[in-house]
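**Student:** The numbers in my numbering rise by one with no breaks, and the one at position 101 of the sequence shown is 101.
I should point out that these hints are in silico values taken from the structure, not numbers from a laboratory. One thing to keep in mind: the hints can contain errors.
Straight line, CA to CA, 20 Å or less: simulated SDA-like cross-link-like pairs of lysine to any residue [said to hold, decoys possible]:
1. Lys50 x Pro108
2. Lys50 x Gly125
3. Lys50 x Thr85
4. Lys50 x His11
5. Lys50 x Ser65
6. Lys50 x Pro33
7. Lys50 x Asn89
8. Lys109 x Thr85
9. Lys50 x Val39
10. Lys50 x Trp31
11. Lys50 x Phe71
12. Lys50 x Glu68
13. Lys50 x Ala142
14. Lys50 x Ser34
15. Lys50 x Gln35
16. Lys50 x Asp124
17. Lys50 x Asn62
18. Lys50 x Leu18
19. Lys50 x Thr63
20. Lys50 x Ala81
21. Lys50 x Pro12
22. Lys50 x Ile32
23. Lys109 x Asp124
24. Lys50 x Thr133
25. Lys50 x Leu40
26. Lys50 x Asn73
27. Lys50 x Arg91
28. Lys50 x Leu36
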Amino acid sequence: MIGFSQLPSLHPELRRILRDLTLNRGIGSAWIPSQLRWVLLNRLGADVRKSYISPGCFFGGNTVSIGEGTFINCDCFFDCADVVTIGANVRIGMRCTFVTGTHQIAGPKQRAGSEESAPIDVGDGTWIGASVTVLPGVTIGAGAVVAAGSVVVRDVAAHTLVAGVPARFIRVLAADQ
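I would like the entire structure built from these sequences, with the hints used as guidance.
**Tutor:** If you want it as structure tokens, here you go:
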């Protein structure tokens, strides 16, 4: 199997459509065993170690890196406008959103200005609860916990618990267990 970037004769929009169909309708469907998704994502150019990726996850491209032993629950969204790095042994709850692309604020005629993107980095052993949104440029430190429903707009220190909209520091977690 070859990656879509190796099909230079295809129009870029057709290549994007084929990638989306393969990644999100094929590999992301319930017909593909979750334990096999990581292998197929690798074949399409993503850097995914042996992990469990539930059905219904959306990948906007192959700029994702997922560490070994990670569990991603159903219906998660990775826009992949920039690199998303998920460490090893991470747990991600259902319906989480990882947004790497955004816009600058522009003038009054159209507030969404020029596009920009920034990577997201999630450290090893992190637990991200259900329906969390992580915004561009955020680093979540190793062993951190992000409570369900939180919106992470700034970096999270290792071994801390954050919660809320926007996510705020709640407490330090033990780092030696």
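**Student:** With reference to the structure, classify each hint as holding or not holding.
**Tutor:** Going down the list of hints, with the structure as the test:
| no. | hint | verdict |
| --- | --- | --- |
| 1 | Lys50 x Pro108 | 48 Å, violated |
| 2 | Lys50 x Gly125 | 15 Å, holds |
| 3 | Lys50 x Thr85 | 14 Å, holds |
| 4 | Lys50 x His11 | 33 Å, violated |
| 5 | Lys50 x Ser65 | 11 Å, holds |
| 6 | Lys50 x Pro33 | 13 Å, holds |
| 7 | Lys50 x Asn89 | 10 Å, holds |
| 8 | Lys109 x Thr85 | 36 Å, violated |
| 9 | Lys50 x Val39 | 8 Å, holds |
| 10 | Lys50 x Trp31 | 19 Å, holds |
| 11 | Lys50 x Phe71 | 10 Å, holds |
| 12 | Lys50 x Glu68 | 5 Å, holds |
| 13 | Lys50 x Ala142 | 19 Å, holds |
| 14 | Lys50 x Ser34 | 11 Å, holds |
| 15 | Lys50 x Gln35 | 8 Å, holds |
| 16 | Lys50 x Asp124 | 14 Å, holds |
| 17 | Lys50 x Asn62 | 16 Å, holds |
| 18 | Lys50 x Leu18 | 25 Å, violated |
| 19 | Lys50 x Thr63 | 17 Å, holds |
| 20 | Lys50 x Ala81 | 23 Å, violated |
| 21 | Lys50 x Pro12 | 30 Å, violated |
| 22 | Lys50 x Ile32 | 15 Å, holds |
| 23 | Lys109 x Asp124 | 43 Å, violated |
| 24 | Lys50 x Thr133 | 24 Å, violated |
| 25 | Lys50 x Leu40 | 11 Å, holds |
| 26 | Lys50 x Asn73 | 15 Å, holds |
| 27 | Lys50 x Arg91 | 14 Å, holds |
| 28 | Lys50 x Leu36 | 9 Å, holds |
The structure fails hints 1, 4, 8, 18, 20, 21, 23 and 24 (numbered hints given earlier, in ascending order).
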